[in-house]
Amino acid sequence: MKAQRTALFVLAACFILIAWGSLSLGRYTVPGETWWELITDPDAAGLAGQVLLQVRLPRILAGIFIGAGLSAAGAAYQGIFRNPMVSPDILGASAGAGFGAAAAILASLGVIAIQLSSFTFGLIAVGLTCLAASRLKRAGDPILTLVLVGILVGSVFTALVSLAKYTADPYSKLPAITLWLMGSLSAINPSDLIFALVPIALGLVPLYLLRWHLNVLAFGEEEARALGAETTRLRWIIIFAATLLTASSVAIAGMVGWVGLVIPHLARMIVGPDYRVLLPASMLLGGSYLLLTDDLARSLMANEIPLGIITALIGAPFFLYLMMRSQRGWA
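When the letters of the sequence shown are read in order and numbered with this note's numbering, they come out as residues 52 to 382.
Hints were generated in silico from the structure; no laboratory data involved. Some hints here could point you the wrong way.
[To be verified] Distance ranges between label pairs, derived from CB positions:
1. D220 - T171: 17 to 25 Å
2. C65 - A252: 20 to 28 Å
3. L74 - R186: 48 to 56 Å
4. L364 - Q101: 29 to 37 Å
Just so it is clear, CB atoms sit at the ideal spot from N, CA and C, and this is done for glycine as well.
Given the sequences, and given the hints that come with them, work out the whole structure.
Structure (structure tokens):
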């Protein structure tokens, strides 16, 4: 346990350094004295202070919470479903949120309405998955049934997104839908933070408090019940919390893939399978990873690269490497 705590301390230190570096990175150079002015007299910081407080800080805070939320959701799903290939979109939340955003863009709604529509349809998709799976609970393994129904619901909403793109105006609506689906933190502003942070915090808190129970659920249904765990109630609480994290993250940043799949694996390699340390390690790594990829997205080219492209280009080969490293098992 001492080694795991040391690893958490190192991850936390790296996270702080990455966040500080992300604040300093950008086309507008921020002098060193500006940091002191922001603390002592924010009004005297001038344009540099506005850049930090109104542009970079909201973007970085959103990246931290979204990365931590997606990673925590992925780690939780991998535990309760006992499957290392599970990601936060397994129950259809991402596909539903994507359709909600596309439909709102087609209707020419504002940014807040697009985010609310995305968040709502993400919850609706998972609700449909759970409702259909409960009706089919006698068909076999309830966990397998839930996953299969989630894949089906996700496929339906993905088809609806394709239909929305097909019917969209190719000169105005279609580029907006495509850009949103690729994912980005470029549109984050201070007013978005409340909408982003509240549901993500509401999802992170129960997962963190239940991290001991995730260890029990990872043993399997029979073993968990033998240890006295109320498996059904715990599983639904965790699914609801992970759904909040996924739907709110997609609503704010669009489709940011691979974070919830790759980061829990990396955390597991560093601290082991114990969810008491695996979950906070995943959150720290997820926040750090999304900040780094966002730094690359806004600095590699003159025009900002969509965040989903960077996460896929890094995440896919890295996940293949992790699979090759862990051929003997994932726990």
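Review point. Looking back at the numbered hints, which does the structure fail to meet, lowest number first?
Key: none
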